[in-house]
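So the sequence lines, in the order shown, correspond to chains A and B. Going left to right, the first sequence walks through residues 97 to 677 as our numbering numbers them. Going left to right, the second sequence walks through residues 76 to 515 as our numbering numbers them.
Hints may contain errors.
[As the list claims (entries may be wrong)] Subject to a maximum C-alpha distance of 30 Å in a straight line, what follows is the list of computed BS3-like cross-link-like pairs (lysine-lysine):
| no. | chain 1 | residue 1 | chain 2 | residue 2 |
| --- | --- | --- | --- | --- |
| 1 | A | K262 | A | K372 |
| 2 | B | K220 | A | K372 |
| 3 | B | K310 | B | K220 |
| 4 | A | K195 | A | K262 |
| 5 | A | K262 | B | K220 |
| 6 | A | K372 | A | K195 |
[Unchecked claim] Derived contacts from chain A toward chain B, CB cut-off under 8 Å, selection only:
| no. | residue |
| --- | --- |
| 7 | L192 |
| 8 | F275 |
| 9 | L277 |
[Claimed, not checked] Computed beta-carbon distance windows for the label pairs:
| no. | chain 1 | residue 1 | chain 2 | residue 2 | range |
| --- | --- | --- | --- | --- | --- |
| 10 | A | P502 | B | R426 | 24 to 30 Å |
| 11 | A | T586 | B | N392 | 35 to 41 Å |
| 12 | B | D507 | A | A199 | 39 to 45 Å |
| 13 | A | R673 | B | G142 | 55 to 61 Å |
| 14 | B | P466 | A | A180 | 44 to 50 Å |
| 15 | B | D329 | A | K198 | 52 to 58 Å |
| 16 | A | Q582 | B | G210 | 56 to 62 Å |
Simulated from the structure, these hints should not be mistaken for laboratory data. Built from N, CA and C at the ideal position, the CB exists for glycine as well.
Now for the letters of each chain:
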Amino acid sequence: MTFLPPDRMNAGLLIRYARRRFAPNRADIIALFLIAGGAVLVTQAARTMGQSLTGLNMAPVTLDPAKLPMYAALTTLRMFAALACSLVFTFVVATLAAKSKKAELVIIPALDILQSVPVLGFLTFTVTFFMGLFPGSEAGVECAAIFAIFTAQAWNMAFSFYQSLKTLPPDLDEAARQFGLTPWQRFWKLELPFATPALVWNTMMSMSGSWFFIVASEAITVGKTTVALPGIGAWLAVANDRGDGWAVLWAVLTMGVVIVLYDQLLFRPIVAWADKFRIEQTASQDPPRSWFYDLIQRMRLLPRLVQPVSVVLNRLPAPQAPNIRLPEIRNPHVARGLDWLWLGAVIVLALWGGWAVVTFVSHTLTVHDAVQVLGLGGLTLARVLILIVVASIIWVPIGVWIGLRPIWAERIQPVAQFFAAFPANVLFPAVVGVIVALHADPNIWLSPLMILGTQWYILFNVIAGAAAIPNDLKEAASMFKVRSWQWWRTVALPGIFPYYITGALTASGGSWNASIVAEVVNWRHQNIEAAGLGSYIADATAAGDYPKVALGIAVMSIFVILLNRTLWRPLYGFAARRLHL
Amino acid sequence: MSTTFAPPAEANLVEVRNVRHVYGKGGGGAGLLVLDDVDLTLRPNEIVGLLGRSGSGKSTLLRTISGLIRPTSGTVKVQDMPGDDTAHGVAMVFQSFALFPWLTVQQNVELGLEARGVLADERRTRSLAAIDLIGLDGFENAYPKELSGGMRQRVGLARALVVQPSILLMDEPFSALDVLTAETLRTDLLDLWVEGRMPIRSILMVTHNIEEAVLMCDRILVFSSNPGRVIAEIKVDLPQPRKRLDPAFRALVDDIYARMTARTGRETARDGAFPGLGLGMALPRISTNTLAGMIEALAASPNDGKAELPVLANELNLEADELLPIAETLQLMRFAEIEGRMIRLTPAGRRYAEADVDARKQLFAQQLLAYVPLAAHIRRVLDDRASRQAPASRFRDELEDFMSEDYAEETLDAVITWGRYAEVFAFHDDNDRFSLEDPG
Numbered sequence: 097m098t099f100l101p102p103d104r105m106n107a108g109l110l111i112r113y114a115r116r117r118f119a120p121n122r123a124d125i126i127a128l129f130l131i132a133g134g135a136v137l138v139t140q141a142a143r144t145m146g147q148s149l150t151g152l153n154m155a156p157v158t159l160d161p162a163k164l165p166m167y168a169a170l171t172t173l174r175m176f177a178a179l180a181c182s183l184v185f186t187f188v189v190a191t192l193a194a195k196s197k198k199a200e201l202v203i204i205p206a207l208d209i210l211q212s213v214p215v216l217g218f219l220t221f222t223v224t225f226f227m228g229l230f231p232g233s234e235a236g237v238e239c240a241a242i243f244a245i246f247t248a249q250a251w252n253m254a255f256s257f258y259q260s261l262k263t264l265p266p267d268l269d270e271a272a273r274q275f276g277l278t279p280w281q282r283f284w285k286l287e288l289p290f291a292t293p294a295l296v297w298n299t300m301m302s303m304s305g306s307w308f309f310i311v312a313s314e315a316i317t318v319g320k321t322t323v324a325l326p327g328i329g330a331w332l333a334v335a336n337d338r339g340d341g342w343a344v345l346w347a348v349l350t351m352g353v354v355i356v357l358y359d360q361l362l363f364r365p366i367v368a369w370a371d372k373f374r375i376e377q378t379a380s381q382d383p384p385r386s387w388f389y390d391l392i393q394r395m396r397l398l399p400r401l402v403q404p405v406s407v408v409l410n411r412l413p414a415p416q417a418p419n420i421r422l423p424e425i426r427n428p429h430v431a432r433g434l435d436w437l438w439l440g441a442v443i444v445l446a447l448w449g450g451w452a453v454v455t456f457v458s459h460t461l462t463v464h465d466a467v468q469v470l471g472l473g474g475l476t477l478a479r480v481l482i483l484i485v486v487a488s489i490i491w492v493p494i495g496v497w498i499g500l501r502p503i504w505a506e507r508i509q510p511v512a513q514f515f516a517a518f519p520a521n522v523l524f525p526a527v528v529g530v531i532v533a534l535h536a537d538p539n540i541w542l543s544p545l546m547i548l549g550t551q552w553y554i555l556f557n558v559i560a561g562a563a564a565i566p567n568d569l570k571e572a573a574s575m576f577k578v579r580s581w582q583w584w585r586t587v588a589l590p591g592i593f594p595y596y597i598t599g600a601l602t603a604s605g606g607s608w609n610a611s612i613v614a615e616v617v618n619w620r621h622q623n624i625e626a627a628g629l630g631s632y633i634a635d636a637t638a639a640g641d642y643p644k645v646a647l648g649i650a651v652m653s654i655f656v657i658l659l660n661r662t663l664w665r666p667l668y669g670f671a672a673r674r675l676h677l
Numbered sequence: 076m077s078t079t080f081a082p083p084a085e086a087n088l089v090e091v092r093n094v095r096h097v098y099g100k101g102g103g104g105a106g107l108l109v110l111d112d113v114d115l116t117l118r119p120n121e122i123v124g125l126l127g128r129s130g131s132g133k134s135t136l137l138r139t140i141s142g143l144i145r146p147t148s149g150t151v152k153v154q155d156m157p158g159d160d161t162a163h164g165v166a167m168v169f170q171s172f173a174l175f176p177w178l179t180v181q182q183n184v185e186l187g188l189e190a191r192g193v194l195a196d197e198r199r200t201r202s203l204a205a206i207d208l209i210g211l212d213g214f215e216n217a218y219p220k221e222l223s224g225g226m227r228q229r230v231g232l233a234r235a236l237v238v239q240p241s242i243l244l245m246d247e248p249f250s251a252l253d254v255l256t257a258e259t260l261r262t263d264l265l266d267l268w269v270e271g272r273m274p275i276r277s278i279l280m281v282t283h284n285i286e287e288a289v290l291m292c293d294r295i296l297v298f299s300s301n302p303g304r305v306i307a308e309i310k311v312d313l314p315q316p317r318k319r320l321d322p323a324f325r326a327l328v329d330d331i332y333a334r335m336t337a338r339t340g341r342e343t344a345r346d347g348a349f350p351g352l353g354l355g356m357a358l359p360r361i362s363t364n365t366l367a368g369m370i371e372a373l374a375a376s377p378n379d380g381k382a383e384l385p386v387l388a389n390e391l392n393l394e395a396d397e398l399l400p401i402a403e404t405l406q407l408m409r410f411a412e413i414e415g416r417m418i419r420l421t422p423a424g425r426r427y428a429e430a431d432v433d434a435r436k437q438l439f440a441q442q443l444l445a446y447v448p449l450a451a452h453i454r455r456v457l458d459d460r461a462s463r464q465a466p467a468s469r470f471r472d473e474l475e476d477f478m479s480e481d482y483a484e485e486t487l488d489a490v491i492t493w494g495r496y497a498e499v500f501a502f503h504d505d506n507d508r509f510s511l512e513d514p515g
């Protein structure tokens, strides 16, 4: 999904979003098969290429606090490398989807599936693949880690950019065409600026989400191969393995510092700057502020240093983007024929993908396995739903209470967003220590870990929703003495609903992903496990059993997609049609 | 410069011949015909106004000339300014200004120059000159959101002028502005034009405001709607500056009013006011309160059941563009008849004016079912079904066979509002369904 900025949700965007997202269905299945087929292909390649991995020897991570800043820097570097890849991917793929109907037919459902698929499950495949690409060197593992983060970041960014391109203001589009902007100029003057606010917000969300994956992807065991890249994630893995609580604490602190740093020094300034790209023609009531941005604005030296560069850039003739345009087909019969041909090719490929998965999996697995995995999926589904309900019961009243008090909201909102960025899987082992000590049932008590990191999305969206309830509605309600349950039914719940759905949908998607690391946890060589699809995938990964991993991921993807289609989308549509203020 | 630039032969700047444009599914016969066989010639040194109601295709014609859309058939020839090196000789001013909110005034003005690859220094000189000309100096570094509507349209004008087009196209340039601002801007623009300080040779403007057209134009092409055709060409010989209170000015305005409401021979059928026939009739979204208000105003004392449309428009403070769809909806439902400039209540209209709330609803229901085919159709479908329910998407699809998606939406909205008021059927937004609820 695309994240809609909760502080200024745009009614039109939400409605278009809801309308658009009901549409692809058959296309989804096609894309699912395509992607699954591709994954199998990559794995097969990885298997043949991964032979030389045994000789790989890595410098081990040492638990020395003095090295922590360096590890933190390496980890952050990986995240930004992945972010750069995600941005390039976004610009290329989303632009292609927005400009070409044929590409759109494939790309959009594919993105939709990819963002629902549990990315952590793919680690198995990607790690082996990239290590095979660069045998014997660290580069392969680096690439695998960066690719893992990329897969956690790219989809919602691409979606957001695509939606912006599809909803360009018609008058600006006409002006750009009338004054004859080249595609290159059009991108910089119209498309990118218009897409910037939503893209910045989605980039922030992606960064928050990817902490979770870096912790999981810096230290990973696939079959007999264990890789540890110098970084916070590997540090945590080692610390957990040894049961070194102080080391975990150090890492948590460092991570907190890094998150605050890049939030204050990078994202806040960008958000403040991006405010000028909002399309409303009036100045915003409450523009986002950033002390660092103000600081840059006030600087004298830097602009002077930069100026010669921009002068030179301005003097360069505008680069002419290669104007690749296929000859327009005027004959409608020929055009339709080509459309069918394209569709046919896509369907054939998809069928091949589906067939490849089935043969790959059925090589070693039987129908019995499939039934078993479906049952485990049901268990995890029950966990996710119960956790969302529990988190909602806890956070909705609190969020509404905070949202109605602007002073509190202002203080707590950033804290909630910070917690959302914080990788909760860092804390899993410590919790496990408690579970082991108390001899509690892991099937129940491991579950809350799944929502530990994602519940904050519910909180900060509800806060934003409650803060956005118009004053006149609140005044009318108090004038007519609307209280208690009636107040919740008529004022609070409808007011926050669209925001709540955004938060709950994000939390739900995150929890599925988290189940892969939350249903099996290590602490001091102890391994406790809850029955579920997440632990199934995690165990298969550790055992290097590719067919099982593939089956697990396929089933989880189907569960996630079904849940989105049957629960979240209809609720989204309802929110967009009925409850928009 | 329009005076100094006279080329040897006064060639026509724009020639539009036999242009037809069809919107809607497939572009075949089923679509909505917006422009039907339109000819237009723009000569040097004139301001030509395209005057018509909304939906008369005048904006479509302007966009066709600007090259933004391609007509379904027919030819458009735009003459480039002789000796000019630029690729096209047109620039457009938009109704909504279409300024890029993230660019400053100067950057907005430079947009077209940058697109043509003009270098930074020259861009700066030329844009500052244009900003100066249009009275915006001092605002070069402001962002559009910091400006008032009038200032924004000045930026739009400067942006168009700076590329030195031979023809300036203006799409309802003043209609998003308040009355005072619009008047100032019109006057300023006319002054620049008369003094020949703008680097353009002719202006083609779209408007629905009759007075604005008479005030500014040398020639006015009046468009009929449904489909858009040129029904009259009027030369305005009044000397500039023109005065609104001048009797000749008023006479001209009244004359154009009559032409805009007049039916040509073929369109005597009363339903002809709206595009399309029968089920495929595109209806305007007009509230039942407005309809009731108009009937009451017509029935009230000075009018006594009949009035001249321009007078009525004045009395109700409505523009022709706003008044006519209301009048024509009344005519469609046989609450009133329009003849030339006169509108007259029918007996049904008089009964409506005198009735109480419930009787009004009954009467409205009767007229609605009798004369609005879509309403009758929906009612019939609901009556036929055992469930007494039908999805709205079904009717939307039917409408889209005849017209574009937007028109279909507006038409369905109109019928929903009227049907709800008349209590002939209910509509549920939750599940997007019509139903036949017993209102009792």
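| request: Hint by hint, work out which the structure violates, then give me just those numbers in ascending order. | output: Failing hints, ascending: 3, 7, 10, 12 and 13.
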